[in-house]
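Protein chains: 2
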Amino acid sequence: MPAFTATVTVRLKQGVLDPEAETTRQALERLGFDVEALRTADRFELDLAAADPATAEEQATEMTERLLANPTLHEYEVTVDRR
Amino acid sequence: MPAFTATVTVRLKQGVLDPEAETTRQALERLGFDVEALRTADRFELDLAAADPATAEEQATEMTERLLANPTLHEYEVTVDRR
Numbered sequence: 085m086p087a088f089t090a091t092v093t094v095r096l097k098q099g100v101l102d103p104e105a106e107t108t109r110q111a112l113e114r115l116g117f118d119v120e121a122l123r124t125a126d127r128f129e130l131d132l133a134a135a136d137p138a139t140a141e142e143q144a145t146e147m148t149e150r151l152l153a154n155p156t157l158h159e160y161e162v163t164v165d166r167r
Numbered sequence: 085m086p087a088f089t090a091t092v093t094v095r096l097k098q099g100v101l102d103p104e105a106e107t108t109r110q111a112l113e114r115l116g117f118d119v120e121a122l123r124t125a126d127r128f129e130l131d132l133a134a135a136d137p138a139t140a141e142e143q144a145t146e147m148t149e150r151l152l153a154n155p156t157l158h159e160y161e162v163t164v165d166r167r
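Sequences listed follow chains A and B, in order. Okay, so the first sequence: first residue is 85 according to this note's numbering, each after it adds one. Okay, so the second sequence: first residue is 85 according to this note's numbering, each after it adds one.
Keep in mind that a hint or two might mislead.
The list treats identical chains as one, so a pair stands whether inside a single copy or across any two.
Unchecked claim - List of simulated lysine to aspartate or glutamate pairs, DMTMM-like, C-alpha gap at most 25 Å:
id, residue 1, residue 2
1, K97, D136
2, K97, E161
3, K97, E120
Keep in mind that the hints were calculated from the coordinates and are not lab data.
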């Protein structure tokens, strides 16, 4: 089966507090940088085999919904590239 | 000054062990998914003001080298978009 890499980006929904990002922003300010806002996200790159890109995206989306993201807190996007 | 968003992706260098990624991969296998390899990365989105895109990229690169990435362990890429 063809080989794909699915890239999943998981970020907090707007309005969900992100203390890690705020701490990082404050640390950058202490170093003298001026950052208006900072958001963090997790990125997962999954190597998998599938019949076609649509199937690979479907698999990666199911993995994201079952494990990688929490639908209450997170939004996510999935992109698929041929490897 | 114009407003930019710099996106910084920080990942482990090839060869650096990533136990979190391996644990995630095993969890996906236990759920019945077949993933050949899984890599994780941290993504930071920085809102900042700068005279031009090149300056914004320079600032974000300096922030990355001073705080967001550890050059011994990580490689990174910086992209800049007008906000």
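**Report entry** Enumerated hints in conflict with the structure, sorted upward
**Finding:** As far as the earlier hints go, only 1 is violated by this structure.
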